[in-house]
Amino acid sequence: MAVELKDFYEKFRDPKTIKALSKAINQEAQKLDHPINIMEVCGGHTHTIMKYGLLQLLPKNIRFIHGPGCPVCIMPKERIDHAYILAMQEDVILCTLGDMIKVPGSRGSLQDARSKGADVRVVYSPLDVMKIAKENPTKKVIFFAIGFETTTPMTVALIENAMKQKISNILYHINHVTVPEVMRELIDSRDEHIDSYNNQIDAFLGPSHVSVITGSKIYEEFPTKYKRPVVVAGFEPVDVMEGVLMIIYQFLENRCEVEIQYKRSVNRNGNINAQKLIEKYFEKRELFKWRGLGNIPKSAWRLKDEYEHLDAEKLYELPKEEIEDHKLCICGDILRGMAKPTECQVFGTACTPQKPLGSCMVSSEGACAAYYKYGNLLQEVQ
Amino acid sequence: MCLSIPSKVVSIDQEKCTAIVDTLGVQREVGIDFIADEVKVGDFVLIHIGYAMNIIDEEYAKESIALYQEIIEKMEEAEKKQLINESDNCPGDGSGT
Ligand code: SF4
Ligand code: SF4
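From first to last, the protein sequence lines stand for chains A and B.
Residue numbers for the first sequence follow this note's numbering, beginning at 1 and rising by one.
Residue numbers for the second sequence follow this note's numbering, beginning at 1 and rising by one.
Derived by calculation from the structure, the hints in this document are not laboratory data.
Every clue listed holds true.
Distance condition first, Cα-Cα at most 30 angstroms in a straight line; then the derived DSSO-like pairs of lysine-lysine:
(1) K16(B) with K276(A)
(2) K8(B) with K51(A)
(3) K8(B) with K131(A)
(4) K60(A) with K74(B)
(5) K8(B) with K263(A)
(6) K16(B) with K166(A)
(7) K19(A) with K8(B)
(8) K40(B) with K263(A)
(9) K74(B) with K263(A)
(10) K40(B) with K217(A)
(11) K74(B) with K16(A)
(12) K11(A) with K74(B)
(13) K40(B) with K164(A)
(14) K280(A) with K16(B)
(15) K62(B) with K217(A)
The whole structure should be built from the sequences, with the hints applied where relevant.
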C-alpha cells in the first residue's frame, strides 16, 4: 500500500476511526482510579477538539484543560504597541502574520494604524517580506516576528537569506516564544493554587509541529522532574484521540514518559539544521512577559548583540512600561487553564471575534474564538 | 499558523533552495532551506508559513493507518457484542455514564 496525499486528509479524519478510538478510550478509562486532566498546550489542538466535537466522545474522567499555546493570544499589549508605533513611523512598512493585525494594543490594533495611513501588511510567509523589501528599496521593512518553535526557523531563514542577497532594508522585532518554559511555569504556578482549583494538570498533549523542529527531547524533564507524562500528538482528530489513549495507557501501566504519537513527522532530535540556524542568530531573553501569565524566564528569543543593527527593538525608541489587560477579560486564567471561555462575563456579548476585547477571541486558534465558533457542539455536552 | 497540511513535492530548485509543492491540487513555491539535503521529488512534506519543515515518514504513516484499521476491526466485533448485551448504554455516544 502506498500512501496517497488524500490519506493524510481522509484517514486521519475518518469518523469510523475516531469512533473506534473513542470506544477504546471509554473502555480503558473505566479502569482508572482517578480522573486525568490533560492540558493541550497548543491552540491547534484546542481547535481540533472543538471542531470535531471530541469532548463529546470522551468519558467524564478524561478532561481537557486548554493551554496557552497561541502566539497571538499570549502577546502582551505593550508589544502590540511596539508594532503600532513602528508601523506609524515614516518610511516604514510593517509586516506580520495573520491574526496579529486585529489584536488591540493600548493605542489600537495594527488595523487601526492602517486606517490612519500606516503601511501594515499581512504576509503568509517571511519569504514575502523579502519581496516587499526588494520592491521598496527606499523604505525600511520591519518584520514583526511572532510564533512558537514552529515558526522561529522561518524568521532566521529570512535573516540569513536577506544577508546572502545583501538586502539591507529589513529590520526585525522578535517575539518568538518557547513551549517548555511556559509549561514549567504553569505547573509551578498552579501547584500553589491546587487546593482552590481541583484541576491539576496530570499530563500534557505536546504540540506536534513544535517538535518537528525541536524533537520530542525538549519535554524530557516533565516525566522525570514533574512526574507528568507528555505525548506529542498530531493535529488531526485521530491523532488527538490516539494521544489521549496513549496517556491513559501510561497511567494504567504506571509509566510516566515522553511518547510520540505523531511518529510520521516527529523524532527525538527534530530538525538540527533549523536549530543550528536559530542559535546562530538568536539568544534567549532573561525574561519575557506573556499576556496573562506574567514574566517567564528564558521563554523567548531575541537577536544576538552582533545583529543589533537589524533589531528594531533597539533602533527605535519604544516604551518599556507594562500595560494591564481589560478588567473584565479573563484571558489570563484561560491561558493558565483555570477558567473556560464561557466563564468570562463578556464572552459572546461585549467580546466577539468581530469586536474582540481580548486576544483569546482574536486569534482563530484562541480558546475563546474556538468556543465561540463551535459553541453549539459544546452545549450538547454540557 | 502552525497547522499545516501535508503537501507533495513536485519539483525542486536546489539553486534557489525552493520547491514546487502540491497541496490538494493547488501548487505553490516554498522554501526548502531546512531539508534541502534530503528532500526528493515525490516526498510528502509539511509546510509552515511558506517553508517545508520536514519530510513525512511514509512508513510510519502507513503503520498508523494499518493500526487504526486493526482497531476498527476489533471494535466492530466488540461493538456487535455490546449491542446485544447492553444495547443503549455506550458512554462513547454521550448517552451513558
Ligand atoms: S499558532 Fe496555532 S498551531 Fe501554532 S502554536 Fe499557536 S496555537 Fe499552536
Ligand atoms: S471572551 Fe473576550 S474578554 Fe473574555 S476572556 Fe475571552 S478574549 Fe478575554
